[in-house]
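These two chains come separately, so use the hints to put the complex back together.
Sequences listed follow chains A and B, in order. The C-terminal position of the first sequence is numbered 1307 in the working numbering, with every residue numbered one higher than the one before it. The C-terminal position of the second sequence is numbered 337 in the working numbering, with every residue numbered one higher than the one before it.
It is possible that part of the hints are untrue.
[To be verified] Simulated crosslink set (DMTMM-like; lysine to aspartate or glutamate; CA at most 20 Å straight-line):
id, chain 1, residue 1, chain 2, residue 2
1, A, K1136, B, D98
2, B, K90, A, D1140
3, B, K158, B, D98
[Claimed, not checked] If you want the ones that stay clear, here's a sample from chain B, every Cβ over 12 Å from chain A, calculated:
id, residue
4, I69
5, N109
6, N200
7, P227
8, E283
Simulated from the structure, these hints should not be mistaken for lab results. Using N, Cα and C, we set each Cβ at its ideal position, and we do this for glycine too.
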Amino acid sequence: MGAPIPAVTPRFSPVQEGTTATMTTLTKPAPTKRRRARNPRTWLRGGGLSNLLFAAPMIIIFGLFSFYPIIRAFVMSFQKTNLITEPQFVGLLNFQRVLEDPVFWTALQNTGWFALLALIFGYPIPLIAAVLMSEVRRARGLYSVLAYLPVVIPPVVAVLLWKFFYDAGPNGVFNTILGWVGLGPFPWIQDATMAMPSIVLEATWAAAGGTIIIYLAALTGVAPELYDAAEIDGAGIWRKIWHVTLPQLRGVLLITLILQIIGTAQVFLEPFLFTDGGPANSTVTLLQLIYRYGFQNSLGGNYGSATALSVMLALFLALLSFVYFRLTSGWSKN
Amino acid sequence: MTTSPTLGGVVTAEAEAAILTEPNSPLRPRRGKKAKKAASSEGLDRGIISSNEWSRRGIRRSANGIQITLLVLLAIGGLGPILWLAKAAITPTQDTLRTPMALFPNGFAWDNVSKAWTTIGLDVQFMNTVWVALGVLVMQLIVTMTAGYVLAILKPAYAKVLNALVLATLFVPSVVLLVPLYLTILDVPFLGISLQNTFWAVWLPAGANAFNILLVKRFFENLPPEIFEAARTEGAGSFRIFWQIVLPLSKPIIGVVSVFAVIAAWKDFLWPKLVLALPEVQPLSVRLPQLQQTIDLGTYLAALAISTLVPIVLFIIFQGLFLKSAGMGGAVKG
Chain A
974 MGAPIPAVTP RFSPVQEGTT ATMTTLTKPA PTKRRRARNP RTWLRGGGLS NLLFAAPMII
1034 IFGLFSFYPI IRAFVMSFQK TNLITEPQFV GLLNFQRVLE DPVFWTALQN TGWFALLALI
1094 FGYPIPLIAA VLMSEVRRAR GLYSVLAYLP VVIPPVVAVL LWKFFYDAGP NGVFNTILGW
1154 VGLGPFPWIQ DATMAMPSIV LEATWAAAGG TIIIYLAALT GVAPELYDAA EIDGAGIWRK
1214 IWHVTLPQLR GVLLITLILQ IIGTAQVFLE PFLFTDGGPA NSTVTLLQLI YRYGFQNSLG
1274 GNYGSATALS VMLALFLALL SFVYFRLTSG WSKN
Chain B
4 MTTSPTLGGV VTAEAEAAIL TEPNSPLRPR RGKKAKKAAS SEGLDRGIIS SNEWSRRGIR
64 RSANGIQITL LVLLAIGGLG PILWLAKAAI TPTQDTLRTP MALFPNGFAW DNVSKAWTTI
124 GLDVQFMNTV WVALGVLVMQ LIVTMTAGYV LAILKPAYAK VLNALVLATL FVPSVVLLVP
184 LYLTILDVPF LGISLQNTFW AVWLPAGANA FNILLVKRFF ENLPPEIFEA ARTEGAGSFR
244 IFWQIVLPLS KPIIGVVSVF AVIAAWKDFL WPKLVLALPE VQPLSVRLPQ LQQTIDLGTY
304 LAALAISTLV PIVLFIIFQG LFLKSAGMGG AVKG
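Just chain B, same shape as in the assembly (with noise of 0.2 Å):
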């Protein structure tokens, strides 16, 4: 989301940067999957090092060397925090306090997970994220299909202002956002009513990405203009081109940008917090820091677990989109 200026959002700024230097990126529909064969069946072929280098011992010792240390490393670094979090949550409060690097010195506290979600309620805030989620996401897509569409295919006189004006959003930092955009929800323009703790306070701004627009747009621009031209002259209109064939070739760049609203939507604390300020609509990230002071420690790593699971879960089932989208280049393949 636009509206959250925190290191999480660097990330869809980072991909904004693969976006930026990389025009033949292969999320372009039509060449993709060639494009995508090629690429890896070159990346199997050669890389950094030759080979005639591999066949020499002593670079590929080093280099398997310096590759399985990568390895511990990154399984370290990824998987460690997330497996003891995993062993908390069913750890009693008093093992995890004194010895939080043993394995369950005294038995597990299986408790703790139900406790988490019934007594402390957080089985709303859960539901409420999953509403943020959903919500953002239909904004998103409604916004960004529609305005690819328009500006990519129909493209009516004042596209290219729209289009300049929607860019230029980019170049402005979120933090400017922040106070007049909170002003705005508390009385929204023309329909002079505050959507303070609705659902909508979150999903509408949400649907102001210009990043994702861009995306689509870029998309449809490589879709073979013949089509259309074809549908037209046998009498489609635009919503029929729209409906049945601009958005069935869109799958591609609807799982990406789904996948950037369902995390970015999952991720985002500020926003959510100054808007949402009730706890029986807040979502799970506004709620967790308030939950620290109040409940049992082994209650509370139940809950962190508990709101870490949806996230992980998407990104082990979908983890080639998700990490195309990251990187842009779909080289990687999960």
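Chain A with its partners taken away, still in its complex shape (with noise of 0.2 Å):
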């Protein structure tokens, strides 16, 4: 199973490098017992040379591609940079002017609400569809092949695909179907109202099955010792998924809620590509504002504003995990 790797990776020269140094080395009979190693020929007798090898991938990985970039976000918010001159550090100055950008309220309020939106489609759906596949007797896996199967679908398809069935004339596919059972046509993703609802409802459809997976496996997990006793205490179903489904999932459920509004708060593609954050900007989230500061700004990026509410975003949800899991610590442990 090992083979392969070096076989398909020909251009992956340091690692390759690495790998046949780490090969001399093994040539030599190296006792390992000794683990101090104060100078540098015990450093090597007892394997510093191959432990550090080993270790190179993910010190120059990360190093370059997540460590120096996550402190550079910070430095950057308080600078002016633009690519030509040395950065300046101008102090909260481009924080002052995310504050100031009215798009930017609106972008917050939107974000706020695509979220809350998400929480009231997207949270109590997987949960009762898990509950009840996991009653499933026959044929279990096909409900969850179903389930799964939108999560397969990569998201721009799944968004490009939506948008053509959200078409607002009467013959959309969307409203084909309801007109036949004499509703609409509606004006879906064009209409400032409607068009928030609707990229939260194709985000549900989109990320509920991975969710209901989560669900099913949690449930499995239950002991079923613990409806058994339920049972002798004269619990009808209702009050075993009331007192012995709901709180053993309790871990989980709290989880997944922290995680959802996290990554709701992150969300950029479904209103990217349904609507860029049209109609009258009625579905611009920070994200996409951080986007067209950086990268859709006819005079250059505006690296500064764009760090400094990624800053800001990033600082936000920190805190709110934070008080989260404080708040939610004693509650999880069963």
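Listed below in structure tokens is the structure:
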């Protein structure tokens, strides 16, 4: 199983060098007992070099493409950067600019609205579906496969397809179907009030399957004895769900809730592809605003504002998760 | 990928939830099979509804009714859009526009597919997507396997620091990375070159995936340490232990990481859009939204269908692995 990896990777020269280098150290029989490595020679004999070679991919990749950019984001949020002249420190000016931008407040509202709608649509449905599916005795796999199919469709394809479904004309796909029962035609994503719920509907459809599978996995972890015990106490089906199933799922429910909030706070793809923030900025989100600041600016990237907004959003989410876990740490223990 | 703050990214975040809440994940290598069997047989023995209750006609009827309704809803939601897309891909444009829900009123338009493939050059973007996904897969396997080996088995003195640093990146929302990582790609530190419009711009940052490292590290920690001690006393160096013992034992976790890597790469939109600006290096997800305006609807829908084909086929072949990865419970057999 290990062999195919270098076979497929002739291009990855650093790792190739790394592996051959460890191979040469291998030829010397190295005593591995000695833990303490004070001088270079004992360090080498103790496997210090091969340890470092195995750690190298992680250190290099995370250093360059994770830590360096993260630190740089914080620095840049206090700087004026234009890639031509040296960056200048400008204090809190970037933050001030963002807060003075009226679109920022619209985007903040829209993102909050998206997150709220996504909770209303998207939080109960997977739970209910998973509880119902866990009681299926025949062909449960079929249920899971069907539920998971939308997750497998590439999100870009899903959005573009739904965008066509949402066609506002009477011959649009959804309007045709609703027309059969005498409803519509609806304007869907072309209407400022209806656009956001339409987008959330698609996002919920696209993401529900993943959550269902997680809940199903958690449901099989519920000890059957608990149900036996509840029945001895005379509990019916509803009371078993309320007093056994839901409390047993509490831990996973709490985590999916906060992760959903963190995910929806950074929503980009759906509003970007469906409406590009319109109509009249009614669906522009925070991440889209960051994108506009940084990459859609005719005057060149406004990297200062973009990073300032990123940093504010990240700090808010970090604070939110911290408070959330503090508040709920008592509840999630069984 | 960490750099795609889309709702699609929430799927991995949700899988993350399952990990965080499930310390006894059946992903653990040794006890995996037994635990899985035990769980599924218990699951069959009883769920929320007891066998007593199942034998009551009213409950059985309503439960069956609910389950069949659920199956129909899942089929409509999961399979419906895919089947519609497959139909529309081979339907003449005018029919799709006028009667989107009719089934081939005026015959087929097979040439939609060939037009999408050759005339608009989708074959190029298709191969680009394949290369991006394969490169991401290889990159993530190299980094996660070596990192897991260092952190869980070799454990040099600095392993704890590395582990804490890598874990810390899990808590930094990916939005922070967007601008500074883009600037890093334009001018890579130490190398002084720009990776823009090369696949390396997607491959290298994809390696910095703390979540997969966490998965692999957990897996390695559960391998019996006696094996490594025995190998060491027989004089095997750390490279040989990695190659001949750790990797062959890692097949299950390599499968899970591979699924995550390929699917995430296939789905990713914002990051490749930023760093792959030229059409000849763009993957499907970046190219499709641009095609929308310029080509005939039938051809466009065929292009969407082509882009969906590979993930769907992969899912159907490896559905067990997909659902296990998504749920991390392994309780759902595909």
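Verification of the hints:
1. A:K1136 with B:D98: 18 Å, holds
2. B:K90 with A:D1140: 18 Å, holds
3. B:K158 with B:D98: 64 Å, violated
4. I69: Label violated. Min Cβ-Cβ 6 Å, cutoff 12 Å.
5. N109: Its Cβ never comes within 12 Å of chain A, the nearest being 15 Å, so this holds.
6. N200: 15 Å, holds
7. P227: 18 Å, holds
8. E283: Non-interface label stands for B:E283: nearest chain A Cβ at 19 Å, farther than 12 Å.
This entry does not satisfy hints 3 and 4, going by the numbered hints stated previously.
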